[in-house]
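Turn these sequences into a full structure, and let the hints steer you where they fit.
Chain residues, written in single-letter form:
There are 2 protein chains.
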Amino acid sequence: MKKHKVIFQPSGRRGEVEEGKTLLEAAQSLGVDIEGLCGNKKVCGKCKVRIEEGYFEKDNIESGMSHLSPLIEDERKHIKPEDGPGIRLSCTAEVRGDVKVFVPERSRAGKQVVRKAAKELSIPLDPAIKKYNVDLPAPTIHEMTTGDVERVLKFLEDDYGLKGLVFDYTVLKDLQDTLREGGWKATVTVWMDREIIKAEPGFVEVAYGLAVDVGTTTCVGYLTDLTTGKVVNTESMMNPQVPYGEDVMSRITYAMTNPEGLETMQKAIITGLNEIIERVVSEIKKDGPHPGFAIDDLTIVFNTAMHHILLGFNPIYIGRSPFIPAVQSSLNIKARDIGLKINPAAYVHVLPIEAGFVGADNVGVLIAEEPYNQDDMVLVIDIGTNGELLMGNKNKVCSTSCATGPAFEGAQIKFGMRAAPGAIEVVQIDPDTKEPRYKVIGKTDWHSHLAKVDAKGICGSGIIEVVAEMFMAGIIDKSGRFVKDLQTPRVRQDTDGRPEYVLAWAEETSIGTDITVTQADVRALQLAKGALYAGAKLMMKKLGITKLERVILAGAFGSHISREASMTLGMFPDCPIDKVYAVGNAAGDGARMALISKGKRVEADERSRWVEFIEIATDPTFEKEFMQAMHIPHMKDSFPNLKALLEKTGSKVAIKG
Amino acid sequence: MKKHKVIFQPSGRRGEVEEGKTLLEAAQSLGVDIEGLCGNKKVCGKCKVRIEEGYFEKDNIESGMSHLSPLIEDERKHIKPEDGPGIRLSCTAEVRGDVKVFVPERSRAGKQVVRKAAKELSIPLDPAIKKYNVDLPAPTIHEMTTGDVERVLKFLEDDYGLKGLVFDYTVLKDLQDTLREGGWKATVTVWMDREIIKAEPGFVEVAYGLAVDVGTTTCVGYLTDLTTGKVVNTESMMNPQVPYGEDVMSRITYAMTNPEGLETMQKAIITGLNEIIERVVSEIKKDGPHPGFAIDDLTIVFNTAMHHILLGFNPIYIGRSPFIPAVQSSLNIKARDIGLKINPAAYVHVLPIEAGFVGADNVGVLIAEEPYNQDDMVLVIDIGTNGELLMGNKNKVCSTSCATGPAFEGAQIKFGMRAAPGAIEVVQIDPDTKEPRYKVIGKTDWHSHLAKVDAKGICGSGIIEVVAEMFMAGIIDKSGRFVKDLQTPRVRQDTDGRPEYVLAWAEETSIGTDITVTQADVRALQLAKGALYAGAKLMMKKLGITKLERVILAGAFGSHISREASMTLGMFPDCPIDKVYAVGNAAGDGARMALISKGKRVEADERSRWVEFIEIATDPTFEKEFMQAMHIPHMKDSFPNLKALLEKTGSKVAIKG
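Those protein sequence lines, which keep their order, are chains Y and Z.
Our numbering applies: residue 47 is where the first sequence begins, and numbers increase by one.
Our numbering applies: residue 47 is where the second sequence begins, and numbers increase by one.
One or more of the hints may lead you astray.
Since the list gives no way to pick out one identical chain from another, each pair is judged satisfied if it fits inside one copy or across any two copies.
Keeping only pairs whose Cα atoms sit at most 25 Å apart, straight-line, the calculated DMTMM-like set for lysine to aspartate or glutamate is [unchecked claim]:
| no. | residue 1 | residue 2 |
| --- | --- | --- |
| 1 | 219 | 204 |
| 2 | 126 | 553 |
| 3 | 276 | 624 |
| 4 | 313 | 500 |
| 5 | 67 | 120 |
| 6 | 485 | 560 |
| 7 | 442 | 71 |
| 8 | 442 | 196 |
| 9 | 380 | 309 |
| 10 | 313 | 220 |
| 11 | 442 | 189 |
| 12 | 200 | 652 |
| 13 | 380 | 241 |
| 14 | 588 | 189 |
| 15 | 219 | 306 |
| 16 | 380 | 531 |
| 17 | 219 | 241 |
| 18 | 126 | 321 |
| 19 | 460 | 481 |
| 20 | 313 | 223 |
| 21 | 380 | 246 |
| 22 | 588 | 306 |
| 23 | 593 | 620 |
| 24 | 219 | 652 |
| 25 | 380 | 196 |
| 26 | 219 | 383 |
| 27 | 219 | 309 |
| 28 | 530 | 624 |
| 29 | 92 | 324 |
| 30 | 276 | 671 |
Hints listed in this document are in silico derivations from the structure and should not be mistaken for laboratory results.
Structural data, given as structure tokens:
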């Protein structure tokens with residue numbers, strides 16, 4: 047059978063696909079998620095993709111110029127002029143040659159296993175913006191020496207004790223009409239008791255803010271009612287910069303090697319955030335010139351590279367020694383100056399960063415988890431595309447960044463995939479038979495012959511589980527090598543003659559091929575966990591401590607791994623297992639806290655300077671620690687309390703949810 | 047001879063022109079100034095105009111569709127693609143039908159009889175922006191927790207004691223590159239000891255600011271070296287809003303009656319100011335992304351209507367009762383927010399206004415002349431397109447605005463013209479023969495048969511002189527009526543049977559027709575001077591005084607009228623003639639003072655509120671005062687000291703220059 051090369055953007059997934067397969071089938075076989083609500087019946091129109099190479103709408107298919115089957119009538123009715131050129135339904139277009147395909151955000155399936163969902167926060171509500179009602183008498187001719195501005199300011203001073211306020215220029219422009227439209231009743235929005243950033247006719251109570259977490263891979267926005275502090279809507283999307291580089295360093299390289307690289311990536315993320323803004327306000331009442339106008343405050347966290355690129359700062363200097371960032375402190379930037387389509391007079395509050403690689407996202411974690419208020423010695427691990435560690439207690443807190451690589455996110459793993467429906471995330475392997483059981487995201491049942499779950503791949507937390515189980519079942523040894531001569535068909539050699547473990551047979555999957563865990567996958571995981579462990583060990587040395595009293599797993603990934611699996615693998619130094627817990631997206635929690643509390647902004651500014659950053663890569667003992675940490679520990683040596691617990695309960699303790 | 051209608055924009059001058067005349071000849075006959083350096087030899091290309099109606103380049107001239115002679119080769123070589131469509135040389139294109147012609151600013155002749163030239167100011171130099179040199183050690187890897195921003199801020203605090211500074215966002219974006227380009231030596235520009243609005247590599251000393259005076263008719267920009275306080279260049283142009291209305295009220299009406307009217311006029315003035323900015327910096331050293339980038343501060347004065355329109359505030363509310371302005375206080379607006387192409391991080395400081403009709407221009411006059419620091423009772427008259435009065439001393443100062451109409455600017459006067467070359471501005475009439483002598487702008491000699499001066503018309507100050515002289519020579523009486531049966535050919539009847547005085551015979555002029563002063567001209571001048579006089583009288587009543595100790599004539603016009611003529615006509619109440627003097631463009635002086643002195647900004651804010659605005663139109667005695675003030679006073683009654691002075695010196699005292 048003839049095969050063709052198909053590349054999917056923005057994920058970059060690629061592979062050989064048999065001629066005649068639809069793009070949707072190709073996507074499924076390559077682990078690319080495309081929405082297909084109607085089950086390939088060509089009726090929902092949800093699976094639109096844009097063909098970037100290999101297809102011209104006006105092609106004569108007979109000429110062989112087009113690498114896709116021609117557009118058919120059923121597709122045509124779903125494609126609108128505003129979709130732009132090159133759009134096809136992936137359930138219909140068949141591969142007839144090499145093609146490059148872009149999957150728009152809207153067509154990406156399973157985009158939200160709301161891993162970054164918002165939890166309830168309990169801090170006092172004291173947002174940076176407040177709304178004040180103004181009720182003025184209509185002016186008479188004797189007051190022609192007093193402007194509308196002065197009349198409003200006098201009212202705010204007399205009735206609310208607000209002094210020395212200034213108006214944003216954009217608010218000034220419409221103030222006269224606003225006052226008259228409301229019959230001299232109006233509501234002004236005041237930022238930091240300092241500046242008037244909105245004037246609305248009549249009396250308005252509700253106020254909205256948006257907390258934004260820009261990850262290297264995923265961006266989330268939490269629309270928050272600032273009168274209650276509650277999240278009213280959450281929207282997320284893949285970071286639109288992914289096509290320019292999967293990780294931080296490749297994006298910095300892109301900025302360095304392309305003359306317009308920085309601008310291109312800045313524009314991409316701003317456009318993406320504006321889409322989140324538009325979607326997140328879809329269900330609230332909106333007045334004003336554009337949908338996002340209802341949002342009067344915005345806080346944002348991100349790692350240092352995302353910070354620099356989004357703000358248009360050259361990231362080159364954080365990518366090379368001496369790794370100096372443009373700015374450490376928090377910033378308040380007018381939304382209109384960076385093109386975010388909320389109230390143009392609103393400020394975007396950028397949380398401070400800690401050091402070159404420890405960004406505002408980790409400051410978010412810091413103020414959300416407050417290790418500086420703890421008596422216990424705490425380790426906070428935040429694993430996104432990078433791993434960042436905080437360790438300490440009320441006396442001292444250190445931070446560092448570990449180059450874990452992307453294995454924890456399912457990347458560089460043969461059947462790795464994002465945490466989306468169909469991804470294997472829970473695994474058990476019988477030590478005697480070596481037979482596995484597994485669950486996938488989106489289904490509650492374990493896979494069985496009766497309940498097919500149609501696995502697609504393995505997500506980051508699934509990889510941890512399966513490797514831990516492989517070790518516990520004696521499939522791999524403490525060095526990570528496959529044990530030889532096991533009598534099971536589950537362990538076999540791949541085409542390169544290297545061993546692999548079959549987690550799911552082709553007929554159990556939706557991709558039509560066996561899902562395996564390879565020796566290289568195990569190695570990638572060992573490197574990642576070794577970096578984390580070694581980093582934590584060096585911090586303990588720095589703090590002069592020998593044991594941890596608490597371990598907090600932050601981040602989307604952290605909330606989905608099992609603590610047993612992570613301790614089995616030795617991802618972090620020993621700690622009582624009941625003191626290991628997940629807190630979800632703590633970086634996003636920090637952004638939300640800064641949004642609803644001015645005090646938390648001050649705390650972020652102060653504590654981000656107070657935390658001591660430890661550069662582990664330059665530590666002379668790092669390499670030795672790292673080499674040691676690559677191994678999977680003997681439980682009895684390193685985790686006495688885990689072994690005891692497992693013996694006592696006889697089962698794993700779930701920490702999800 | 048066949049005649050055609052020709053309209054010139056933006057002046058609006060129009061008239062019938064003989065077929066075959068060139069547009070330049072047509073312009074001269076209608077008092078429109080077009081540059082013609084080469085003396086109509088078709089070689090300089092300076093006299094370009096744009097044909098707005100009646101001409102199509104591609105017309106077949108034989109078809110009769112085009113109302114101009116066809117484009118000839120000599121013209122074609124001067125016309126460049128960037129000139130846009132419809133461009134002709136006015137020395138070459140001949141009238142063959144009705145046409146509407148726009149005269150671009152560059153083609154306007156005599157645009158600068160530098161009436162708004164800058165005089166030396168003597169106030170302490172303390173501008174709002176200051177430049178500081180920063181000299182940093184190159185950072186090492188041990189400083190990766192400190193950003194470039196924090197390093198600069200620490201230096202400014204340690205070396206200059208500047209605390210709590212913030213960076214403008216646009217400056218942040220380039221800071222890293224700037225520091226490295228200058229080898230860690232840089233110069234930062236700090237606004238109000240509060241905000242960093244520029245960072246330049248290396249050590250820079252020079253700093254520029256621009257003081258802007260936006261008049262209803264003319265705009266001027268004074269480029270100022272902020273290290274010396276001296277004006278290094280001055281540029282002016284006609285206010286590009288003139289096509290939308292000659293005076294304040296007609297522009298307010300334009301904004302009210304056209305949906306895009308306000309935006310159109312705002313855009314016009316911003317574009318115009320950007321042209322001034324580009325021209326005014328032409329001779330200074332420029333780095334940065336655009337020519338005006340060297341300008342780091344800008345102050346601006348204007349009347350209330352120009353203020354509102356330039357800032358995009360709806361002017362409708364200042365045009366109707368109760369005449370409430372959008373804002374009274376001064377404003378600081380980022381240059382980029384209103385589109386002025388100076389340093390985008392710079393602030394535009396808008397001086398405060400006093401009341402509905404007494405604008406920031408009068409606040410400029412106020413802080414330049416400081417009546418509030420005087421022991422003498424002073425009257426300051428600022429005559430632009432409107433007349434504004436300040437009266438008082440250190441105890442109290444009142445202000446008001448008089449609707450003088452445009453007579454003082456030469457408009458609505460039959461042969462009135464702007465103060466440009468060829469305008470009659472000095473006149474003497476022999477009381478016995480009624481024969482006049484006159485001088486025109488641009489020539490030093492009196493007109494005589496030997497020295498032809500080619501008069502074109504009469505400027506505003508010329509009108510005052512000629513009417514005063516007509517009264518002194520017994521040609522008109524104190525009511526302004528022509529005296530009957532004078533035995534001189536100079537007084538005759540016009541085509542409507544109304545008397546007129548011939549100031550220049552056709553053969554003495556460059557326009558080929560007699561220049562006359564009509565009964566209507568005298569009436570227009572009486573109305574204007576009556577409004578001023580009545581306003582001053584009401585202020586004196588308000589202040590409880592009976593005489594003035596000093597009269598200051600401000601404004602372009604004020605520096606060119608003779609004090610004898612103005613006192614003869616009774617433009618203001620009696621005052622010792624040696625205490626009447628002209629100060630030039632005091633509004634512009636105020637803008638310049640605010641530019642070079644923070645203290646003057648504070649003074650403007652405080653004094654603009656301290657001054658008492660008097661609404662004269664609603665005063666029940668205004669009409670009676672106004673009727674009386676229309677008359678030309680008997681000198682012996684009203685101006686004993688003028689009469690004595692004239693008798694003593696036997697000649698007029700010049701106050702020009």
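Against the structure, the hints come out as follows:
1. 219 / 204: within (24 Å within a copy, 40 Å between copies)
2. 126 / 553: neither (38 Å within a copy, 74 Å between copies)
3. 276 / 624: neither (29 Å within a copy, 75 Å between copies)
4. 313 / 500: neither (38 Å within a copy, 62 Å between copies)
5. 67 / 120: Intra 18 Å, inter 70 Å, cutoff 25 Å: intra-copy only.
6. 485 / 560: within (16 Å within a copy, 104 Å between copies)
7. 442 / 71: neither (54 Å within a copy, 87 Å between copies)
8. 442 / 196: between (49 Å within a copy, 23 Å between copies)
9. 380 / 309: both (19 Å within a copy, 23 Å between copies)
10. 313 / 220: Result: close only across copies, 17 Å inter versus 29 Å intra.
11. 442 / 189: Intra 60 Å, inter 19 Å, cutoff 25 Å: inter-copy only.
12. 200 / 652: Close across copies (16 Å), not inside one copy (35 Å); limit 25 Å.
13. 380 / 241: Both: 12 Å inside a copy, 15 Å across copies.
14. 588 / 189: Between copies, since 18 Å is at most 25 Å while 68 Å is not.
15. 219 / 306: between (35 Å within a copy, 15 Å between copies)
16. 380 / 531: neither (65 Å within a copy, 75 Å between copies)
17. 219 / 241: both (15 Å within a copy, 24 Å between copies)
18. 126 / 321: within (19 Å within a copy, 44 Å between copies)
19. 460 / 481: within (20 Å within a copy, 107 Å between copies)
20. 313 / 223: Between copies only: 20 Å across chains, 34 Å inside a chain, cut-off 25 Å.
21. 380 / 246: Classified as both; 19 Å inside a copy, 23 Å across copies.
22. 588 / 306: neither (42 Å within a copy, 67 Å between copies)
23. 593 / 620: Cα proximity of residue 593 and residue 620: one copy only (7 Å, versus 96 Å across).
24. 219 / 652: between (37 Å within a copy, 24 Å between copies)
25. 380 / 196: For residue 380 and residue 196, the Cα distance is within 25 Å both inside one copy (24 Å) and across copies (20 Å).
26. 219 / 383: both (18 Å within a copy, 11 Å between copies)
27. 219 / 309: Between copies, since 12 Å is at most 25 Å while 31 Å is not.
28. 530 / 624: neither (35 Å within a copy, 116 Å between copies)
29. 92 / 324: Answer is within; shortest intra-copy Cα gap is 19 Å, inter-copy 53 Å.
30. 276 / 671: Cα proximity of residue 276 and residue 671: none, with 44 Å in one copy and 68 Å across.
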